[in-house]
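Residue numbers (the working numbering), protein chains in the order written: chain A, 573 to 685; chain B, 71 to 184.
It is worth saying that the hints were derived from the structure and are not from the lab. The structure displayed is predicted, hence computed values, not measured ones. Glycine included, C-beta positions come from ideal geometry on N, C-alpha and C. Some hints could be false.
[Said to hold, decoys possible] Now the in silico label distances, taken between C-beta atoms and shown as ranges:
id : chain 1 : residue 1 : chain 2 : residue 2 : range
1  : A       : 617       : B       : 129       : 16 to 26 angstroms
2  : B       : 98        : A       : 617       : 13 to 23 angstroms
3  : B       : 124       : A       : 587       : 39 to 49 angstroms
4  : B       : 153       : A       : 642       : 35 to 45 angstroms
5  : A       : 581       : B       : 182       : 18 to 28 angstroms
6  : B       : 153       : A       : 613       : 17 to 27 angstroms
7  : A       : 601       : B       : 97        : 17 to 27 angstroms
8  : B       : 133       : A       : 573       : 15 to 25 angstroms
9  : A       : 642       : B       : 135       : 38 to 48 angstroms
10 : A       : 632       : B       : 133       : 34 to 44 angstroms
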Amino acid sequence: GDSVTQMEGPVTLSEEAFLTINCTYTATGYPSLFWYVQYPGEGLQLLLKATKADDKGSNKGFEATYRKETTSFHLEKGSVQVSDSAVYFCALSDDNAGNMLTFGGGTRLMVKP
Amino acid sequence: DVKVTQSSRYLVKRTGEKVFLECVQDMDHENMFWYRQDPGLGLRLIYFSYDVKMKEKGDIPEGYSVSREKKERFSLILESASTNQTSMYLCASSSPTGTNQPQHFGDGTRLSIL
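Pulled out of the complex, with its shape left as it was, chain A reads as follows (with noise of 0.2 angstroms):
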């Protein structure tokens, strides 16, 4: 089946520090690709999103760029600030399984003044 694997947390960097956060995933199909972000107390919201090989999403300084080679869909940012702590979900939904998502465990980013 579908499995999405991100990079456990927690992430603490300082403020305008450089942002990886590694996402695989494994699907039968042809995937479309999503980053989801949840500030504390609240839902998750779309961050970005890819649907085929070699796009880049981006969104707020965010990019993440879908590579079937590596079945890979890392989330990058080039300065955080403290407004980015939050938990970040990778997630995938394979033209398979419908409007399904498979999400990753979640990776909580904390960003210090």
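Guided by the hints, dock chain B onto chain A, whose structure is given.
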């Protein structure tokens, strides 16, 4: 913007009670989902629905049921609440068109069973 509204942010109930969690979306989405979120376990799908009066079991349906009488509303029911159902519950909705449609989430209901 899509709005998914969960009826309660915090809820405290007793063991054995029947508990209803309500979710309403305003974008005429066909698909609706219920997840629970627990530390270290991520999000796990409980039930989902692709249409009115239609429901499908997810990964962890035991102890839960659902109701979808209207397109915009999807209810999660704990038939006889137990302490191991203490968790954060998240509702989501999506358009069925293609696989690149994201799910839109509510703010969650933090449920405590005493």
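What hint numbers does the structure not satisfy? The structure conflicts with no hint, since it agrees with every one listed earlier.
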